[in-house]
Amino acid sequence: MDKNKNTYKLLCIVCPEGCEIEATEIDGEFAFEKGICKRGQDYARQEIINPCRFLTTTVRIKGGVQTMLPVRTSEAISKDKLAEAMQQIASIETTAPIKLGEVICSNVANTGIPLVASKTVAAI
Amino acid sequence: MKKTNCDVAVIGAGPAGLAAAISAYENGARDVILIERDKYLGGILQQCIHNGFGIHVLGEDKTGPEYAEHFIQQVEKLPINCLTETMVLDLSENLTIQASSKQGILHIQPKAVVLAMGCRERTRGAIALPGKRPAGIMTAGTAQRFINCEGYLPGKKILILGSGDIGMIMARRLHLEGAQVQAVVEIMDCIGGLSRNLVQCLQDFDIPLYLRHIITDIRGDKRVEGVDFAPLGDEGQPQLDKKISLDCDTLLLSVGLIPENELSKKAGIQLDKITGGPIVDKNFHTSVPGIFAAGNVAQVFDLVDHVSICGMQAGKSAAEYARGELEHFSESLSKVKAGPGVGTVLPQVLSGPADGPLKFYLRARQVTRKALLQLRNSQNEVVFKKKFRTVRPAEMISVTADNLDCSANEYTFELIGEDNG
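Protein chains in written order, with the working numbering: chain A, 76 to 199; chain B, 3 to 423.
Everything labelled a hint here was simulated from the structure, so no lab data went into it.
A portion of the hints provided could be inaccurate.
To be verified - From the structure, some residues in chain A lie toward chain B, with a derived Cβ separation under 10 Å:
1. Glu92
2. Glu122
3. Ile123
4. Pro126
5. Pro145
6. Ser193
7. Lys194
Idealized CB from N, CA, C, for every residue including glycine.
With these hints in hand, go ahead and build the complete structure from the sequences.
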């Protein structure tokens, strides 16, 4: 019996097919059922090892034509960092004018990934 | 009353309207007026702060505001006349527009009009939801606007009815903002939105999903206090003995979108009972000569990219019509129908002659594995076919067919599971 054998079931979201992928991990090596495409296998591997998500949220903005500034992480961050990132972002308040793509916070939840503005907001 | 003439007037500055206005100008229309009732351009994209926009059109995964800004910047570089905070009140069959603005009532006489009013959310009234009528019941889109644009959390304990994309996206958004999302309740056997949202909005945060369940009661006098829901039995009746009661202070509805066509009706445009939008040809020309319809006003799309593509085509056609270079389709031309297995099809009319490939947007009626899509002509001959591994009602199918004879033919799209023959 293998000591380090794990099986995972996940729903593939790479394309509209929406395959149900069953992956078996033995000592860090992954095995897939027949018919799972290369992109699906890459997706599943990433989802099992370190699932990452773009975080999109808002921060308060002073002196602007709007009160909320939509922001995003410039790259996907580890899924288990989302809650910590939200805590950190809750205390941020910025000031208009802000340009699309401007860095709002240089390091989200110690990932080294910045938070950037996803909209231009003019000052009043 | 202020009177203005122009080549092309576009009603609505969401993704369809922005693309239509740019395309109308780029295709030779010189006086283009873009009319928007909100203070800012961008439409609903402004509140859709999540990503997933633009993968097809821009080759990048953008958020709603980023996607909108890409088009707004182009509009602002061109001499397009943007009338914001201007609400169109009337549109007539001879294309006269009456609008209310800060300057008073405007009277606009364009040579061509593009309708780009988008769609609106189905509300409680439309689905006959039982129970009391306390505060705290709103559409998912309203909650989205409260949180993302106004900065208010609409509640702390949330129940969501309907698993459309906005509903699932709001489940994640509310969870991340610290609210407790009790459940998503869906009447159908499958989710109403895209699978990526099932994974990244519900499964990521362990938000319970109840398929084939229906709300049986809403509790609370002043504010929502809780919701009861029950599984559906074989005959579609709620099984009250298996009722689940959950406490919540807010109930969000994500139960479908309806194309916004009040103006189209005023102009006497013929509507398709199934899509809820105007009947259009490949140029997005409606039954009224000179009026075009693009985006969700014609049919509810699931990807903004397709909305922009339709907007571009409609804008180009409107510019051509304004110059007198495009004819209106006549009654005698070919019609396209949704046959077995197909929910909706766009365009519904083929204006001839077919001078190249024709793009169709379809929606499947049900989830079908190994599906075969066929297009038959009046002689029942198959003139086009394409295979799909899986088709789902939530994910629109777009196909391109070549060499169709557009003179007085009746075409029917059908979707069959290959296993059933």
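Status of the hints after comparison with the structure:
With its C-beta approaching chain B no nearer than about 5 Å, Glu92/A sits inside the 10 Å limit, and its interface hint holds. With 10 Å as the threshold, the beta carbon of Glu122/A comes within range of chain B, its nearest partner Cβ sitting at about 9 Å, so the hint holds. Annotation: Ile123/A was flagged as interfacial toward chain B, and the flag is violated, the nearest CB pair being 13 Å apart, outside 10 Å. For Pro126/A, the interface hint holds, the least distance from its beta-carbon to any beta-carbon of chain B being 8 Å, beneath 10 Å.
Annotation: Pro145/A was flagged as interfacial toward chain B, and the flag holds, the nearest CB pair being 4 Å apart, inside 10 Å. The interface hint given for Ser193/A holds, since its Cβ lies 4 Å from the closest Cβ of chain B, which is under the 10 Å cut-off. Because the smallest distance between the Cβ of Lys194/A and any Cβ of chain B comes to about 4 Å, under 10 Å, the interface hint for this residue holds.
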